[in-house]
Structures are given as C-alpha cells and as structure tokens.
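Asks: Next come the chains, spelled out residue by residue.
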Amino acid sequence: MIVLPAKIILFAILGAFLTGIACSLVGSFVVRMNLSSLGFCMSHAAFAGAALGLLLYLNPLVMAIIFSILVAFILGPIAEKAKLNTDVVIGIIFSLMISLGLIFLSFSPGTAMSSTALSILWGSILGVTINDILRLTVITFSIILIIVLFFKEFQAIMFSRKMAEASGINTKPFYYLILFLTGVTVALSLKLVGGLLVFALMINPASSAYQFFYDMKKITIFSPIIGVFCCFLGILLSFFLDLPTGASIAITSSLFFGLSVLISPKRKRG
Amino acid sequence: MIKLKNVETIYEGERTPVIKNINLEIKKEEFLTVIGSNGAGKTTLLETINGLLESRGKVIVFGKDIRKSGTGIRKNIGYVPQDFSCDSSTPFLVKDVVMMGRFGKIGVLKSPSKKDHEIVKKTLNFLGISEFEKKPIGKLSGGQLQKVMIARALAKEPEILLLDEPFSNLDLNSQDDISEKISFLNEKGMTIIMIVHDISSIPERCKRIVMMDNGNIVMDDGREKVLGG
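Top line first, the protein sequences correspond to chains A and B.
Going by our numbering, the letters in the first sequence line up with residues 1 to 270, in that order.
Going by our numbering, the letters in the second sequence line up with residues 1 to 229, in that order.
So that you can see chain A by itself, here it is in the shape it has in the complex (with noise of 0.2 Å):
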C-alpha cells in the first residue's frame, strides 16, 4: 500500500464523490435513452480538443472542455436534421472526433506532447485540485438543481417524446438539455476518472439501478448512491491493492453491475 498525503487523498474522496453523483445521475437518463456511446464519444471530443490545444499551445484541458460541450450542443440538432437514430449519429462524431485528435497529434511535435493529450483519455484522480474540486461542485449542485426543477418534463421525454409532446411539452429543449448535462458532466470529469472511464461511471451505476425498480425517480435516487459507493470502493482497492485508481473504479462498478443482474428481483419468478 502507497501513503499519500491526506490533502491528496481528500481531494481524491472529494472528486470522486462528486463524480459518482453527476455521472450516475445523467447516466440514468443515458441508459434509459439508449444513447450509452455518448460518453465514449464525449470523451473522445476531448482528446480530439485536447490535442487541438497542444498544436496551438493552448490549455488542453480547456480545449477538451470546449470540445466536449460543443459536440453536446450540436448531437441533437444534428440527429434531428438527419432524421437518424441519435445513436448513430453518436457513432459518427466518434469516428470524426477521434480522426481529427489523431490529425492534431500528427502536428504536435514531440511525444511527450501525445502523452499529454492521451492522458485526457486516461484521467488522474491524485492530480485533481481545489479548482477541480470547486468546478465539480458547481456542475454537480447544477445537475442536481436542473433534475429536481425538470423531472417532471425528463420523466415525460423518458416515457415517449412523441406523448410528452402532444401532452403539451414543448421537448425539444429539455432533450437538448440532457445531451447538454452529459457533455458537460463528461467534460468536467475527465481529469479525475478519465475519458474512457467516465463511460463505465455513467453507464454500470444507472444499468446497476435499472436491474432493482420500475420507477425512474427511484432509478435517478439511487444510481448516484450506487456511483459513490462504486468511486469510494474503487479508490480504497485502489489504495490498497495499488491499481489504477480511475481503472479501479471501473471495474468495481462492473462488478456491482454483474452483482445487481444476478440478485435483480426483476428475474424473481413468483
């Protein structure tokens, strides 16, 4: 077992508690919506940001951010337009994204410089900071917020659009939201778990969820407590058996997955 200074350790708890809640609150929405590449894609965005930012000197991080939430800004309008399943729209942004990432990179000199933007896809939760912290705080409190002020409008859009809008919603912008809060939620949780990581923190909690009730504002209440415990776990097997703490974090939350499909009352006859 490695000893770390308590602040590192802290601030790792921290991130990670925050992470598990955004990412596992906006998956239960994801899941439910079929749109589950959407953080692979996201996070892909990033890299392809990330190394825009290293060609241009810029932060890369910044860049991933900017990159992430662009592409949720323009999934919707996009799939719509096209007519197309949001999925395969997902699908094709990805294979953009990660083409114009490894373009940007062919640019970069050195290689250290690919590392940097590789490391985006990777995450580090010891590297996160105060202002990590403080950002996650914010997008955390503001997903909460947004949740509780439109469940009624996400509930009605999770059920059909179709219904929700001739019950009189008007669903476009409350779709356009959720897509909004997933890139966002991605973006500001790359530098802890990691862009292909934070996948597996949206996705395995809101599915481990879905495997125990029928009703989603139960789903949406205890997929983030089924995330933080996922992250708190991952991090002690992490400390303590000294793996990677974003990698350890994955595989907890799988094996939660696995768990919740095997004692799923759903699969109870009788």
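Hints are computed from structural coordinates only; laboratory data are not their basis.
It is possible that part of the hints are untrue.
In silico DMTMM-like cross-links for lysine to aspartate or glutamate, where the CA-CA straight-line distance does not exceed 20 Å [unchecked claim]:
1) B:134 x A:215
2) A:81 x B:14
3) A:217 x B:87
4) A:81 x B:12
Assemble the complex: chain A is given as a structure, and chain B must be docked to it using the hints.
Replies: Here is chain B on its own, set in the frame of chain A:
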C-alpha cells in the same frame, strides 16, 4: 372549434402528400368518426389536427393556428395513439404514466398538486383500472395498456379527445365499456374525433362520419348516409 382549410401533409423527403386538399370543420361537442382503408391518411389527419405533423394550409384549433401555438393548444387535446407499445423493463408505474398526461397543463417548474393526484385517481376509477395503479407499465397486457393510454389522455381533462383505433387490443366487453364511456364524455361536452377500422364499433352517439381514401376526404355526412351508402 377545429377548422382545416386546404390542408396537405407531406412527410419529409416524400413528394406525394399523405393527405391533400383537406377541408374540414368540427364544431364544439361534436362526435366524429373517421373511417377508411389502410394508408388512407386517417392517422396523418389526426396528427395534423394536433400539430404533431407539419402541414400546409390552415389548421385552426380553438381559434389559433396550430403551427404557431401547438404546445399551448395540445394542453387541451387528449391524444390516444394507435397500438402504443413499450418494452417490459420500461421504468414507469401506471399512475406516473397517467399523471404525465397532465404535465403540459401543470406547466414548467410546477409539481403535480393534490388536485392533480385526485384527478389521476378519478380517471383510473372511471376506466376501471385502479387496481393497476402501482403496476409497472411494461407488465400490462395490450388491452390494459390501451386503457392506460386512454386514461392518460383523459387525465388532462381535455376539451378535444383524439382517439386512433381506441378499440384495438380490447376484448368485446371492454370495447362496449370504452364505447359507452366515450359517448358519456361527449354527452358531457367533450369534442370527440375517433378513427376506427371496424365500422360496427362506432358508438350510436356518433352522428357524423368522414370517409377517407388515398389521402382525400371522399365522404363527410351523417352516419346513415355514409354507412348506408
């Protein structure tokens, strides 16, 4: 109450309109049934009336243009779609789905009040499905789901009720029961526009029938004239 003037609806990317040259006027408290073969444009007509599909021409509901005030107008239109289905893991309970019908009316940034919950209970009672209240929506049979979708539309306490094949998936007893209830609602002042495939299921109370063929209204007259001819 509803006025359609030279209306045509074309799906994006298509050249031929699904419904064309539609002129229709429906008065308050009227009960109208739309009949016609498959692909005649009946569902398109219904979705054009409530503004779910974009159209050309004039569609005026409650004196307002549906294209400009669609969201507001739909708060007073109940809509039951044809053959609505959901997967078995859909994470919503029956009472939540019925309450969703009222969300537009409740408005943004407001939560359902005690009165809203009472209306939902009353609607479930009216349709005789109170026992399903806490059941997951995905666990219902086709007929039960159909009744829940009717309850959802009624929970809104709409002025206009649009029903697309409301008797599909229902057994004969349930068909009679729903038919009576629709007639009762019309008696109480609700305007009803209904699509049916089987003309024998048209309630006695319905006195006007519109027949569609190939996107056009080919007959619009009294029940005896249309069905008798």
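Asks: Could you work out which of the previously given hints the structure breaks and list their numbers from low to high?
Replies: Every hint satisfied by this model.
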